[in-house]
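Chain A is already provided as a structure; the job is to place chain B on it using the hints.
Protein sequence lines correspond, in order, to chains A and B.
Residue numbering for the first sequence follows our numbering, starting at 1 and increasing by one per position.
Residue numbering for the second sequence follows our numbering, starting at 1001 and increasing by one per position.
It should be emphasised that the hints constitute simulated quantities derived from the structure, not laboratory data.
For every residue, glycine included, the Cβ atom is placed at its ideal position computed from N, Cα and C.
Any given hint could turn out to be false.
[Unchecked claim] Quick partial rundown of chain B residues pointing at chain A, CB under 7 Å, derived from the structure: (1) F1007; (2) E1011; (3) P1065; (4) L1156.
[As the list claims (entries may be wrong)] In silico BS3-like cross-links for lysine-lysine, where the CA-CA straight-line distance does not exceed 30 Å: (5) B:K1173 / A:K223; (6) B:K1183 / B:K1138; (7) A:K317 / B:K1064; (8) A:K4 / A:K81; (9) A:K107 / A:K81; (10) A:K256 / B:K1173; (11) B:K1138 / A:K312.
[As the list claims (entries may be wrong)] Where chain A lies over chain B, by a calculated footprint (3+ residues, C-beta under 8 Å): (12) 1013-1024; (13) 1041-1049; (14) 1190-1204.
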Amino acid sequence: MTIKVLHPGLSTTVQDLGRPGYFHLGIPIGGAMDRLALRAANMLVGNDEGAACLEAVFIGPQLEFTRAGRIAITGAEMPIKLDGEEQPGWTSLEVKAGQVLSFDYLKSGARIYIAAAGGIDVPSALGSRSTYPIGALGGFKGRAIAAGDELPVGKAADGKVGASVPETLRRKPGHPAELRVLPGLYWHRILPESQQSFFADQWKVAPEADRMGYRFRGGQALKFVEREQPFGAGSDPSNIVDSCYPYGSIQVPGGKEPIILHRDAVSGGGYFMVGTVISADMDLIGQLQPNMPTRFVEIDMDGALAARAERKTLLQKIRAALT
Amino acid sequence: MTTRYSFGGDEHLFVECDEAMSLDAFFKSLSMTNAIRDADIKGVTEICPANASFQIKFDPDVIKPNDILKEVQAIESAAANTEPVIKTRIIEIPVFYQDPWTHETLMRFRERHQDPTATDLEYAARINGLADVDAFVKAHSGSPWFVSMVGFVAGLPFMYQMVERAKQLQVPKYLRPRTDTPKLTIGHGGCFSCIYSVRGAGGYQMFGITPMPIFDPEQKIGYLRDFMVFFRPGDIVKFKPIDKAAYEQAVADVDAGRFAPLMRDVTFDFREFQKDMTGYNARLEGALS
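Extracted from the complex, chain A is given alone in its bound form:
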């Protein structure tokens, strides 16, 4: 089967669980921003959990299926239509040859995942089918899909139509969104009053929010501990000698607007970081829209590990519900 792209949406890319192992060469892990949603979509159609899907942000694509098969859409709330008829999300659906999948306006969240039984079968690059557009690597010809593209779909395993992820197992950000942060890295560079305000203030997602990083506005500017800048660091107090950037790390250029690096992160640079969003909450960032009110919540390592275990349990529950 192939999927014909009638309209690509805003930016729709092939993604899987990413390509670990090349960050030391500047090639980020990539893969689905909301990994739990991608895994669930794959489980619904009988794929391996890490099979390649389409990730669409804010606006859904319009796709035509050349053959009958099974699909599932998870992630953000965006009304799903097959030949104009509304369909449920987080559910495995049957498509007939020639049917067209389309979407209405986004209601909540930011990214949907479209899984097709058999997975999107583009060539694997460095162990992953994820698209890394800056390096023209992976995905469909190293770029977001465009009208006229024909996406190959692999051979489907057996599976049944109608399975659904229970509502209680679909994880969504709250309102305001709360992102748990382990302070660290260059946290000591800001004054105690700024360490306090960073967590106390309400921030909101800025328009500059994409797969590389999410910027936030609205909180107070951070004040720095005075120092003579070290050799090679640059003159601004928010500068450091260029270092690696962890995924989820929060840099604050000029002390003003925090930026959380995400799956397509730059691997390093010269801005200090106040800490890192814990692994359990990275998926939530992928579902934040611009202007979404957001709070950073302080957590320690034990709390971070407990949250990680909790997320694993949730994944197990989804598996149990679908098999």
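Relative to the frame of chain A, chain B by itself:
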């Protein structure tokens, strides 16, 4: 030099060898990351060396954060007693300084520059107290550079020159970043030079361009067929100024699949280097002739 450890969330250990950039801090970071790689610690998924720091990505379901911290600290203690010697390669990178492509680009973004009336090279020469552009090019290409970090984006090398601190060339980044930089531009910001692996935004001063591709996601270029990224942290780079004719010849050679980078395996001994940097660099470069 004080080593500082911090966790980047529950999946990263961040290790700062020193706040300030120096060859000592870089060499310590490189040696420690080499030792950590050799130790083959279960649960470590990525080892990323940077200029004066490095980062380990680990799976906390396999190794507890405090256990990876202890392992790396033990490696730091052990590294203090090992020979400061690495096996690496030296590579000659041809550079067409003052080329028409970066010149056209820098003219387009003049209003974002500290000195709109001069070129990036003229400005760099002046603020480093050098007589003219030729003197600056001579300093830039006269001593080799360590690749101190590969990253930012795919395959981009950051390089730190192998000379004492007083001789380091320092230039601030553009006041506001450009939205365009030609592919394979030789850039410089702070005390670091870089080679832009892909076309795109950038804030570093632009000095020239190399005909030698360093990133090829399609892996069609002969020397990038085995792996799409050319550089590794710890590589030693020597820039060789070339003129327009040599540049065009090299581009034609790359297109025809005839171009092979000039490079040799070398052993680098940090103690010997520190005793006589100029003499040691000359011996290293001898491997290229």
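Hint by hint, here is what the structure shows:
1. F1007: holds, 5 Å
2. E1011: It holds, given that the least Cβ distance between E1011 of chain B and chain A is near 5 Å, below 7 Å.
3. P1065: Because about 6 Å separates P1065 of chain B from the closest Cβ in chain A, which is inside the 7 Å limit, the hint holds.
4. L1156: Holds - the Cβ of L1156 of chain B comes within 7 Å of chain A, reaching about 6 Å at its closest.
5. B:K1173 / A:K223: holds, 23 Å
6. B:K1183 / B:K1138: holds, 23 Å
7. A:K317 / B:K1064: Within the cut-off at roughly 24 Å; holds.
8. A:K4 / A:K81: With Cα atoms ~16 Å apart, K4 of chain A and K81 of chain A stay inside 30 Å; holds.
9. A:K107 / A:K81: Distance of about 14 Å is within 30 Å: holds.
10. A:K256 / B:K1173: holds, 19 Å
11. B:K1138 / A:K312: With a Cα-Cα distance of about 58 Å, the restraint between K1138 of chain B and K312 of chain A is violated, given a limit of 30 Å.
12. 1013-1024: holds (count 7)
13. 1041-1049: That given contact holds, which follows from 5 residues of the segment 1041-1049 of chain B lying within Cβ reach (below 8 Å) of chain A.
14. 1190-1204: holds (count 6)
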